[in-house]
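Number of protein chains: 2
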Amino acid sequence: MCIDTFAKTIKHTMPTISQKGLAMPQSPIRKLMPYADAARKNGKHIFHLNIGQPDIKTPNVALEAIKNNSIEILSYSASEGFESYRNKLADYYKTNNINVSAEDIIISTGGSEALLFTMGSIADAGDEVIIPEPFYANYNGFATASGVTVVPVKSSIDNGFALPPIAEFEKLITPKTKAILICNPGNPTGYLYTKEEIEQLAAMVKKHNLFIVADEVYREFAYDGNTHHSIMSEPGLEDHAIMIDSVSKRYSMCGARIGCMVSKNKELMSTALKFAQARLSPPTFAQVAAEAALETPKSYFDDVIEEYVHRRNLLVNALEDINGVKVAKPKGAFYCIAELPVKDAEDFAKWLLSDFDVDGQTVMVAPASGFYSTPNTGLNQVRIAYVLNEDNLLKSVNILKKALEVYPN
Amino acid sequence: MCIDTFAKTIKHTMPTISQKGLAMPQSPIRKLMPYADAARKNGKHIFHLNIGQPDIKTPNVALEAIKNNSIEILSYSASEGFESYRNKLADYYKTNNINVSAEDIIISTGGSEALLFTMGSIADAGDEVIIPEPFYANYNGFATASGVTVVPVKSSIDNGFALPPIAEFEKLITPKTKAILICNPGNPTGYLYTKEEIEQLAAMVKKHNLFIVADEVYREFAYDGNTHHSIMSEPGLEDHAIMIDSVSKRYSMCGARIGCMVSKNKELMSTALKFAQARLSPPTFAQVAAEAALETPKSYFDDVIEEYVHRRNLLVNALEDINGVKVAKPKGAFYCIAELPVKDAEDFAKWLLSDFDVDGQTVMVAPASGFYSTPNTGLNQVRIAYVLNEDNLLKSVNILKKALEVYPN
Numbered sequence: 001m002c003i004d005t006f007a008k009t010i011k012h013t014m015p016t017i018s019q020k021g022l023a024m025p026q027s028p029i030r031k032l033m034p035y036a037d038a039a040r041k042n043g044k045h046i047f048h049l050n051i052g053q054p055d056i057k058t059p060n061v062a063l064e065a066i067k068n069n070s071i072e073i074l075s076y077s078a079s080e081g082f083e084s085y086r087n088k089l090a091d092y093y094k095t096n097n098i099n100v101s102a103e104d105i106i107i108s109t110g111g112s113e114a115l116l117f118t119m120g121s122i123a124d125a126g127d128e129v130i131i132p133e134p135f136y137a138n139y140n141g142f143a144t145a146s147g148v149t150v151v152p153v154k155s156s157i158d159n160g161f162a163l164p165p166i167a168e169f170e171k172l173i174t175p176k177t178k179a180i181l182i183c184n185p186g187n188p189t190g191y192l193y194t195k196e197e198i199e200q201l202a203a204m205v206k207k208h209n210l211f212i213v214a215d216e217v218y219r220e221f222a223y224d225g226n227t228h229h230s231i232m233s234e235p236g237l238e239d240h241a242i243m244i245d246s247v248s249k250r251y252s253m254c255g256a257r258i259g260c261m262v263s264k265n266k267e268l269m270s271t272a273l274k275f276a277q278a279r280l281s282p283p284t285f286a287q288v289a290a291e292a293a294l295e296t297p298k299s300y301f302d303d304v305i306e307e308y309v310h311r312r313n314l315l316v317n318a319l320e321d322i323n324g325v326k327v328a329k330p331k332g333a334f335y336c337i338a339e340l341p342v343k344d345a346e347d348f349a350k351w352l353l354s355d356f357d358v359d360g361q362t363v364m365v366a367p368a369s370g371f372y373s374t375p376n377t378g379l380n381q382v383r384i385a386y387v388l389n390e391d392n393l394l395k396s397v398n399i400l401k402k403a404l405e406v407y408p409n
Numbered sequence: 001m002c003i004d005t006f007a008k009t010i011k012h013t014m015p016t017i018s019q020k021g022l023a024m025p026q027s028p029i030r031k032l033m034p035y036a037d038a039a040r041k042n043g044k045h046i047f048h049l050n051i052g053q054p055d056i057k058t059p060n061v062a063l064e065a066i067k068n069n070s071i072e073i074l075s076y077s078a079s080e081g082f083e084s085y086r087n088k089l090a091d092y093y094k095t096n097n098i099n100v101s102a103e104d105i106i107i108s109t110g111g112s113e114a115l116l117f118t119m120g121s122i123a124d125a126g127d128e129v130i131i132p133e134p135f136y137a138n139y140n141g142f143a144t145a146s147g148v149t150v151v152p153v154k155s156s157i158d159n160g161f162a163l164p165p166i167a168e169f170e171k172l173i174t175p176k177t178k179a180i181l182i183c184n185p186g187n188p189t190g191y192l193y194t195k196e197e198i199e200q201l202a203a204m205v206k207k208h209n210l211f212i213v214a215d216e217v218y219r220e221f222a223y224d225g226n227t228h229h230s231i232m233s234e235p236g237l238e239d240h241a242i243m244i245d246s247v248s249k250r251y252s253m254c255g256a257r258i259g260c261m262v263s264k265n266k267e268l269m270s271t272a273l274k275f276a277q278a279r280l281s282p283p284t285f286a287q288v289a290a291e292a293a294l295e296t297p298k299s300y301f302d303d304v305i306e307e308y309v310h311r312r313n314l315l316v317n318a319l320e321d322i323n324g325v326k327v328a329k330p331k332g333a334f335y336c337i338a339e340l341p342v343k344d345a346e347d348f349a350k351w352l353l354s355d356f357d358v359d360g361q362t363v364m365v366a367p368a369s370g371f372y373s374t375p376n377t378g379l380n381q382v383r384i385a386y387v388l389n390e391d392n393l394l395k396s397v398n399i400l401k402k403a404l405e406v407y408p409n
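Quick mapping for you: the protein sequence lines, in order, are chains R and S. Using UniProt numbering, you'd call the opening residue of the first sequence number 1 and step up by one each time. Using UniProt numbering, you'd call the opening residue of the second sequence number 1 and step up by one each time.
Calculated from the structure, these hints are not laboratory results. Be aware that one or more of the hints could be misleading.
Claimed, not checked - Dumping the calculated EDC-like pairs for lysine to aspartate or glutamate here, alpha-carbon to alpha-carbon at most 20 Å:
1. LYS41(S) x GLU267(R)
2. LYS41(S) x GLU103(R)
3. LYS67(R) x GLU72(S)
4. LYS57(R) x GLU72(S)
5. LYS31(S) x GLU103(R)
6. LYS31(S) x GLU267(R)
7. LYS67(R) x GLU64(S)
8. LYS31(R) x GLU267(S)
9. LYS264(S) x GLU199(S)
If you're wondering where the values come from, they're calculated on a predicted model, not measured in any experiment.
Isolated chain R, as found in the complex (with noise of 0.2 Å):
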């Protein structure tokens, strides 16, 4: 037998990847890492504008919870977490208009399981979930996960990604339609949702009997007066809304991973469940923290946002400032989409790390393509954290500037 075709033999003999595994979308957020560390290891510093990685200090009740916690036996809690902790959260989320109890609460591991229980309990292979575009880039790999389909309606850079038309979405009704999903406010889009399309939004999918699914993570990144208006706030939605909850931006406490999922709806949260008896249960530790985080004084949260609007105005006027660089001033969260004078914005962004640097410095973004479902769309967009301080995001936006006058594509 020749080599050649020993090697198609042996590579005939290896047990194959599934498609669905063959499916699954690298992160925009992460898939250039790779990039980054060989940038690191040529001696590079790297400004972080790719990942919603906040430089603000976890608040001291809850690292002081864990340090001073007294556990012999690190064991399982519940399934659904802590009753001490949901029953705070319960409490939380009362005090922001949101009337739940600790029962409609089930613990996760970050708002990404929250998100998978959702859909593994609302959806079966080829159910279709409708979401405005551009959407947190990691909606798509829950889906491909769950075997969902995520059918996008288009928001536009124009309006500052306000939300679509009900019309849009109710053009995409199918019978395999069994939820819209949203990000309030929105990650990549820091678009803040405004009570009357809350009101819309509830109103379509109680006509067509559909979950919605609210991910709300950014609830307190809120700007300029602005409020957020909940999901679950929403009256006679009880057995529609889903809210996909966090505690990793709130207190900047990403490495917890520490979520939740909350409905009123009881036959679906029974579903949801069984899913995490799976698993068994959430951390322990993060939880202790994460409870512990509640009692967060307010000051905290002034100081917080009052340092991310700064830092929006500061991003926002100086992107702007670029020839060529189009923005949405963002009115919550920590993100804003850039549309830059290139063509790929994924090659720049590489070429970002590979290629340029401002004495040794140089800038990561997201290429904003992946959090697009439809294809070849936001090809010339990036997301950028604004999760440095002020300095920091000065020096990477000039470093963005710069890049851009002699980016070669």
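The hints should help you fit chain S onto chain R, whose structure is shown.
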């Protein structure tokens, strides 16, 4: 409209749960929790033999690492886990005759998540995984969540749940078969596969071009001078073998929720990494604890294993003393399957919680039928976890004995 019609209309306008969600099994380990909660509220003390939550203390070195951590921003880790932890884990595996490096390891949120990554990466909806039954009940849940069909091959209490003949597996292999899944040492059987059995499995998966997934979370718990043989140590199985691991039992830190998926198949691992990236990262505090736990002194395991062997001997002897009880003596892990002189062990388990006590104390066991995927199998069996100390274990078996004397069905 009359009330009945109105009620039907209301029901009809509720969005519906998925077929997958309806099909998700309840955990046999946790499904009786409401009965236990009610018993506790009635003042009963419950000895928990239903769940593998050891009463063994977590190693100090792990707990101290958490107390002494100096984290100020609890940030995401790499999706594949701390590099430092994966390097040390690889060293640990090497001392266990498992020759892997950090790049062959993805840290997961418990062994549970490693199983989900694995199923997603190797199987599509309708694909089949063959598992000797009884098996760890949550394999059913992960399979349902992943759309994978479990094909059971029966092992028997009569030979201690040894590996069924390879011919029995081969009868079940179809073009849809993607993998064989084993748990070694076995939960719930306590069976430890011999070197010969592992070799037979290796030859079969090579011949039929399948993956073999080995859940080896009880590696250290091998008794009576028997040695654990890892699937990862088999030569020529690099593309086929996938190991699932966890710190939960090894270091009595079930609540950490840290496990890993290990394989030398590069395509598989890069596929699994996409699932890992979608959920961002495993919990940070727990990784700190798990990394530190690798420094646990050998004496800890010597003591723990001596304790488990002592408990096993006590338990098996005491159970065998009860009229009509049959038990397979475990060679590893800390579970055993016991056949009871009852028709319906689930009814008996509920009755123990609801209607029986000895001086205000009762016992919770896991009905074994949930550990089978063949319907109506193991109906007269329970899984008992010997995770309680001598005194409580003997009290528990005494309660079981007295209960069987008066159980009405």
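Hint-by-hint comparison with the structure:
1. LYS41(S) x GLU267(R): violated (25 Å)
2. LYS41(S) x GLU103(R): Satisfied, since the Cα-Cα distance of roughly 18 Å is no more than 20 Å.
3. LYS67(R) x GLU72(S): Judged against 20 Å, a Cα distance of about 12 Å means the pair holds.
4. LYS57(R) x GLU72(S): Roughly 6 Å between the alpha carbons, so the hint for LYS57(R) and GLU72(S) holds.
5. LYS31(S) x GLU103(R): holds (16 Å)
6. LYS31(S) x GLU267(R): holds (16 Å)
7. LYS67(R) x GLU64(S): Given that 20 Å is the threshold and the Cα spacing comes to 9 Å, the pair holds.
8. LYS31(R) x GLU267(S): holds (16 Å)
9. LYS264(S) x GLU199(S): Cα-Cα ~18 Å, so holds.
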